[in-house]
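Number of protein chains: 2
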Amino acid sequence: MKPVLSPGGLVERLHAIGAARYHDKHPFHALLHSGRCTKAQVQAWALNRYYYQSRIPQKDAAILARIEDPALRRAWRPRVIDHDGEREGEGGIAKWLRLTDALGLDRDLVESTRAILPGTRFAVDAYVHFVRERTLLEAIASSLTELFSPQVIHTRVQGMLASYDFVTPETLVYFTARPEQARRDVDVALAYVTEHATIPETQVAVLQALEFKCDVLWAMLDALHHAYVEPGHVPPWAWEPPR
Amino acid sequence: MKPVLSPGGLVERLHAIGAARYHDKHPFHALLHSGRCTKAQVQAWALNRYYYQSRIPQKDAAILARIEDPALRRAWRPRVIDHDGEREGEGGIAKWLRLTDALGLDRDLVESTRAILPGTRFAVDAYVHFVRERTLLEAIASSLTELFSPQVIHTRVQGMLASYDFVTPETLVYFTARPEQARRDVDVALAYVTEHATIPETQVAVLQALEFKCDVLWAMLDALHHAYVEPGHVPPWAWEPPR
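These protein sequences, in sequence, are chains F and D. For the first sequence, position 167 (counting from the first letter as 1) is numbered 167 according to this note's numbering, and the numbering increases by one without interruption. For the second sequence, position 110 (counting from the first letter as 1) is numbered 110 according to this note's numbering, and the numbering increases by one without interruption.
This is chain F alone, in the form it adopts within the complex (with noise of 0.2 Å):
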């Protein structure tokens, strides 16, 4: 049986994992972030990204089902707002459909999600499952990627910025907000998980977890560079950029 690791081993294990398999080591984003996607794979990035997009207040809602504690039911509930907003037009599904729009996509294709890859939505699905299946502490765990997604959020912004002319500082506003909110999860989320996994046993599902969910990142990063920059790889039946 392996040790238990301090609350603090355990946090150096966790970005570990971040550091060997969080998505920005695949090399689709270092495309999308030096300027070398041409504006279709943007497009195509943006149009499966939003699949993920909608499915994460889903996900988060699926988690606050299962927590039983009002005040961590409260800590989790700015998830799910954040994401569908107060109203029509707020929230991070609208504003990624800014970044959808602003980059020519028909806003209907979009939401119907229809012209997606199958890899994206198994992948994203996974996710979902995965958080009403496992463990409430595994659940939990599998969102701490986003002890990573502050700094891969800045490069971003910055890269995209500086390398296509089609995207604005308004395109991108759904990352704005996001490396705030971020930190706000990832204490909520990390302060759970240092207190409830403290056996061998739970630390491992908790490791594993994270790994799961940085699994889910990288498999819809592989199948848009499958599909959109390796040629005629695209299946019939989803998004064809335009000639």
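Please keep in mind that the hints were generated in silico from the structure rather than gathered at the bench. Treat the hints with care, since some could be wrong.
No more than 35 Å apart at the CA atoms, straight line, and that leaves these computed lysine-lysine pairs for DSBU-like [what the hints assert, rightly or not]:
1. D/Lys25 / F/Lys39
2. F/Lys25 / F/Lys39
3. F/Lys25 / D/Lys2
4. D/Lys25 / D/Lys2
5. F/Lys25 / D/Lys39
6. D/Lys39 / D/Lys25
7. F/Lys39 / F/Lys2
Taking beta-carbon pairs under 7 Å as the criterion, some of the chain D residues facing chain F (in silico) [stated by the list, open to error]:
8. Gly104
9. Ala123
10. Asp125
11. Ala126
12. His226
Don't be surprised by glycine CBs; every beta carbon is placed ideally from N, CA and C.
Using the hints provided, position chain D relative to the given structure of chain F.
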């Protein structure tokens, strides 16, 4: 509203879906059958597809658990038996392991499924979730890719035997019984679907269930093709071909 299809009309539409998006249209299939795969690529295919094989009886047990009619449960039950066998070393999963053994893959590694691609895992898990969460009609309809499998198995077995010196009839024993089993199974599923999908709403649901299943098989090959045909895309934690 769309008009109601006759049973024959519905079957015709099912075949049209197969003609458009069954995985024999995927570029990896052509590589595999024509002998243009390296041994490592055949190994990667067998290793990843093991995960699919191992989950099929769970998928069919999930359907079995939802059927209220004993006669239909009896008709569905052989699917589980085919894959699990009557005793250790028998059945489809054990036969698949004879393939991975013959290809020189470590059996513990294969059975652990820890070295498969995330895209494989998410696609296969999507199938298991689908049959649990959708209507029984959709769950049964999603099995109808077996309409198309006997012909593909014939092509695959002939092609692989002719092309690879590391493949023998014994290696491919899994496939020997499959065409006959598939024809028996598809008769059951098709009778159920044509009897129960008699209004446009349920007929559309049936057609979309088959599209979904085609997407599952397609996404598995996309993941495989991306990682093992295009150079440099194996995720760091997945199986690496020996050098």
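- Query: Are there hints from earlier that the structure breaks, and if so, what are their numbers?
  - Reply: 3, 7, 8
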